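Got chain A; can you put chain B on it based on the hints?
2 protein chains.
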Amino acid sequence: MSTSLTFEIEAKDPACGARVGRLGLAHGGVETPIFMPVGTQGSVKALSQEDLRTIGAQIILGNAYHLYLRPGTDLLEKAGGLHGFMNWDRPILTDSGGFQVFSLASLNKVTDEGVAFQSHIDGSRHFMTPEKAIDIQTSIGADIIMCFDECTSYPVERETAAASMRMTHDWAARCKTRWLERDSATQNLFGIVQGSVFEDLRRESAAGLVDVGFPGYAIGGVSVGEAKAEMRQVVEWTAPLLPEDQPRYLMGVGPPEDLLHAIEHGVDLFDCVMPTRNARNGSLFTCAGRLNIKNQRFKSDFGPLDPACGCPVCRTYTRAYLSHLWRSGEILALRLNTLHNLCFMLQLAARARQAIRTGDFAAFKDDFLDRYTRAGDA
Amino acid sequence: MSTSLTFEIEAKDPACGARVGRLGLAHGGVETPIFMPVGTQGSVKALSQEDLRTIGAQIILGNAYHLYLRPGTDLLEKAGGLHGFMNWDRPILTDSGGFQVFSLASLNKVTDEGVAFQSHIDGSRHFMTPEKAIDIQTSIGADIIMCFDECTSYPVERETAAASMRMTHDWAARCKTRWLERDSATQNLFGIVQGSVFEDLRRESAAGLVDVGFPGYAIGGVSVGEAKAEMRQVVEWTAPLLPEDQPRYLMGVGPPEDLLHAIEHGVDLFDCVMPTRNARNGSLFTCAGRLNIKNQRFKSDFGPLDPACGCPVCRTYTRAYLSHLWRSGEILALRLNTLHNLCFMLQLAARARQAIRTGDFAAFKDDFLDRYTRAGDA
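Protein sequence lines, in the order shown, are assigned to chains A and B. Using this note's numbering, read the first sequence as starting at 1 and increasing by one per residue. Using this note's numbering, read the second sequence as starting at 1 and increasing by one per residue.
If you're looking for bench data, these hints aren't it; they were derived computationally from the structure. Accuracy of the hints is not assured; some may be wrong.
Copies of the same chain are indistinguishable here, so a pair counts whether it falls within one copy or spans any two.
[Stated by the list, open to error] The calculated lysine-lysine pairs, modelled on DSSO-like cross-linking and capped at a C-alpha distance of 30 angstroms, are: (1) K109 x K132; (2) K78 x K294; (3) K78 x K299; (4) K132 x K299; (5) K12 x K228; (6) K132 x K12; (7) K176 x K78; (8) K294 x K228; (9) K132 x K78; (10) K176 x K109.
Everything numeric in this text was worked out from a predicted model, so none of it was measured.
For reference, chain A alone in the conformation it holds in the complex:
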């Protein structure tokens, strides 16, 4: 397999599946477990690339569906890929667009060949195939690219989930073939395990994809509406089925408590729009739980947003000022809130890594959750 990815496990927690790894990619190294900020359209909403560097983002996401529709692959190729276009020199992962084609676009027809859909921007008609999804991601040039998959909705009948998962496997094999043809040595293709909330399907999916063989594997089709307990059950089933010595990525997760749960079961990579979306709605993470900056009581609170946080927002501004920015409709509110929430997620991952190295992950997790779930007001 022509992969440029390296993955070295540097530490394992003796009491659980948690591990610390170092992922080597064309644009640099990534310490795992890591949270990846989502920059759907070539911008992590409300932040600059300089902001991302300031808070220590090591790898960010782009979305192939969005970037294919706008600005388009021709332009991205001319710009030197997404890295050149947005002037970000650290690693990028692109989602294949499967999730967006099925959730955002107007879906016209799904066949074994691919998916006909209409753009959510201008209604233009497109036909996406596994091969085209790889071609698009080759133009974008991310360090990690994803197979084109069908992300089943929830709830779903077992037979529907099984059929969808098997089509996703056919697509995964076609994606791999195309990726090998393109011979884009700086890019690494991950397979995506599907199978909804059915253990045997997840098992079949993991085995099938490992059989095809990829530089890394993702757990997909979670956070689509299932209960938290079901999502966690899927992680507990699936993570141990994936090769120990390769990176594992849980797509679209998530809240701090779910991140820690998945880390405990050996997951390495995470992404979620929740920290950024919540921030733009005034909902902010703190070590003592979530708070909503719209709350009346913050108007005259001159303390930092999170006394336990060392981010630029908590070091610089008060809750009273953040409350004022929100009430006044100032654009700066969106940026400072986003900066803090992302920094919170990155610090959480860094603290998890530290705890794994010292073999204290379970104690760290319990301690964190004890304070995090006790006092939140969200």
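Showing chain B alone in chain A's frame:
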């Protein structure tokens, strides 16, 4: 007069009224001529205080009307004034709120005593007097504070303008009395010359205010709808009537060409929402004129926004990326556009200072305007 302001003229252009000065204020020094970014509600829209430092902002504006209504003077006093509240340690100037009371609020009644108005936020009723305007500005704690004035609309009858100007003089005297009573040694009160577009009224206003005596003087009531030529005429009449050894502030101006015109006639301080507001509408300053980033041709233009500009945006991002951010509705577009436009104004002032020091202001201005007005597309 208990003023902490110092003003030293370091250079004069031999061929015109332009001068370079150093304004000493409680929160630091300011090189003049200078452009002051407007932070109406305690935030320069779309920028952080760190951004302002990065682009070299030396003094910013706050607005007493807005800050009085929200977050209120009680809160600002508890926060250590606006400086503490927004964590900005360089100088601040506050407008008295006169302009906003007459333009934004629902005006109920103007008497010699003061102005009854209703908040534009919640309709609450307030009565503003010259004394109260000073008290509010004392709570806010800016380095330079402004007299409460009536800003006459345009066009206006000569007699109306005269009566308004004379009331403004009475108010200016009351403002000064209150300022002396408050004995806020770190703050410096400026008088505001009114008189609309009538030369004799401007003359009477300047003389009357100089007679009362202030640490600095502003030219008010321009940029309210009069033609550009009329505005310039007012500046040419008024600036020479103000004390040579004190700072002169042209309120609400403005476009680069008007800034240079006023500098030529001896004005030192400027503020305007235009650079920030334009930025949020995609209209950007370059040395080759204004451009609108919405323009189709920038979609695939991989050059910097302004090749002659050294700002963080021009050094980091392409026109194609800025165009994409705008088209995608990304919040980052507002910030990068604002950062550039303000940096452009600050660089323009810095270049003007340099030209005055070398006695080349007229040549610099001609050269700048030649390129600036030739190729713009806005």
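Here is how each hint holds up against the structure:
| no. | hint | in the structure |
| --- | --- | --- |
| 1 | K109 x K132 | within (16 angstroms within a copy, 68 angstroms between copies) |
| 2 | K78 x K294 | between (44 angstroms within a copy, 20 angstroms between copies) |
| 3 | K78 x K299 | between (48 angstroms within a copy, 12 angstroms between copies) |
| 4 | K132 x K299 | between (51 angstroms within a copy, 24 angstroms between copies) |
| 5 | K12 x K228 | within (26 angstroms within a copy, 72 angstroms between copies) |
| 6 | K132 x K12 | neither (38 angstroms within a copy, 66 angstroms between copies) |
| 7 | K176 x K78 | within (25 angstroms within a copy, 62 angstroms between copies) |
| 8 | K294 x K228 | within (27 angstroms within a copy, 44 angstroms between copies) |
| 9 | K132 x K78 | within (19 angstroms within a copy, 60 angstroms between copies) |
| 10 | K176 x K109 | within (23 angstroms within a copy, 76 angstroms between copies) |
Hint compliance for this structure: hint 6 is the single one not met.
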